[in-house]
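Peer 1: On the provided structure of chain A, position chain B with the ligands as indicated by the hints.
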Amino acid sequence: MTTQSPPGFHLVLDYLRAKRPDLPVIDPELDLIENRILDSLGFIDFLYLLEESTGTEITLDSVSAEDFRTLNRIKARFFGA
Amino acid sequence: MTTTDPTPAGGLLVGGTRFEEVLGRLVGMSERDYYNPYRLFVWPDALDEDGWWMTPELMVEHGTAAGAELTEEQLRRLSKWESINFYSLNVHGIRELLTEIVARIHTDAFRVPSEYFHHIIGEENEHMWFFATFCHRYGGKVYPQRSFGFGTPAIPEADNFLVFARLLIFEELVDVFNQRMGDDERLHPTIRQVNKVHHQDESRHIAFGRQIVEILHADLRARLSVAQLGELETYLKRYLRQSVDVLVDPAVYRDAGLPDPYGLRRRVLADPAYPAYVRRVLRRSTSFLVNAGILGDDRIVP
Ligand SMILES: [Fe+2]
Ligand SMILES: [Fe+2]
Chain A
1008 MTTQSPPGFH
1018 LVLDYLRAKR
1028 PDLPVIDPEL
1038 DLIENRILDS
1048 LGFIDFLYLL
1058 EESTGTEITL
1068 DSVSAEDFRT
1078 LNRIKARFFG
1088 A
Chain B
81 MTTTDPTPAG
91 GLLVGGTRFE
101 EVLGRLVGMS
111 ERDYYNPYRL
121 FVWPDALDED
131 GWWMTPELMV
141 EHGTAAGAEL
151 TEEQLRRLSK
161 WESINFYSLN
171 VHGIRELLTE
181 IVARIHTDAF
191 RVPSEYFHHI
201 IGEENEHMWF
211 FATFCHRYGG
221 KVYPQRSFGF
231 GTPAIPEADN
241 FLVFARLLIF
251 EELVDVFNQR
261 MGDDERLHPT
271 IRQVNKVHHQ
281 DESRHIAFGR
291 QIVEILHADL
301 RARLSVAQLG
311 ELETYLKRYL
321 RQSVDVLVDP
331 AVYRDAGLPD
341 PYGLRRRVLA
351 DPAYPAYVRR
361 VLRRSTSFLV
371 NAGILGDDRI
381 VP
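Residue numbers (the numbering used here), protein chains in the order written: chain A, 1008 to 1088; chain B, 81 to 382.
Bound-form chain A, shown alone (with noise of 0.2 Å):
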């Protein structure tokens, strides 16, 4: 999976799994909120590391927390992959 990542996914990926060692591998259909991976303390340096990587700046009057529930939502909305 990891091969055919989009530019910048990477670090998406390295965030989420310095958020959670004790996870091996994050499966890109785990749910990220409910799993508590993502959460709404913290979610905003998340949000910056999202900008970061995609040089899109994303207001929160055009997203949901829906476009952040996998790994698999995250790359569909924001890398467009």
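Rather than coming from a laboratory, the hints here were simulated on the basis of the structure.
Given the structure is predicted, the values throughout are model-derived calculations rather than measurements.
Careful: at least some of the hints might be erroneous.
As the list claims (entries may be wrong) - Simulated DEER-style distance windows between Cβ atoms: (1) B/Arg363 with A/Ser1012: 18 to 28 Å; (2) A/Asn1042 with B/Pro269: 49 to 59 Å; (3) A/Asp1029 with B/Gly376: 24 to 34 Å; (4) B/Asp378 with A/Leu1018: 30 to 40 Å; (5) B/Arg379 with A/Glu1036: 31 to 41 Å.
For glycine and all other residues, C-beta sits at the position ideal for the given N, C-alpha and C.
Peer 2: Chain B with the ligands in isolation, oriented as in the chain A frame:
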């Protein structure tokens, strides 16, 4: 939006108590000090672009290595956008506050404070108006919201407590800036006026917030396990820290014309001077929360 837990406040927020006395006094003060914000403020067409827009010692970059690299001209320009971001955060914080209070007013559990809720709702609508007006007039925008409401502790009995604790933390933090900036002679009179007027109203809201947060927490101490209370404490500490972190914003650095806005944010957050800044602007909140037995200590870690 959280729904109100029907069991908690019901038996607690009762009449004939000190809480009701305080509410009566606050309602009286709100009625006495009522003003028309739409006529009160003087809005010049423009404010001096090269002046200080924010008390320099309250800027998040104060005392950091990154801040020391900026010229005074750059710092003044930064103070403009940092202040627009600060008022924008007020606008979004008030949106959350109003949503939560409206969800509770005239429900059974909140019968006793409902009369005062009318004053809070009215006053906060006006605060949101003057903060947004300032942002639009002098910044051409309100910065978009950056925080998301998921991941609060899954302890339904604590919903009301967490809502009012978050609102209190938000209002106390804002007030630390308002109080100082309302009297800072380096700032334009309109900037001072906005901060001063808000500070006057917020002293009542904070008095109310401290009362209700103490009452709701005392109830939880009787109902929750030690582990659950610890979970609330951990959450509140992270919330405290995040409410300061949002003042460090790459969009602000971009608007101030500074290079590498994301890198600059990381440098400020990682600077050895930053934790002292966090402690300083949160001191009022943390000492209240520690004295009330809600936090065990005032250590706010990243
Ligand atoms: Fe307010
Ligand atoms: Fe308020």
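Peer 1: Honestly, which of those hints from before does the structure not fit?
Peer 2: Number 1 only.
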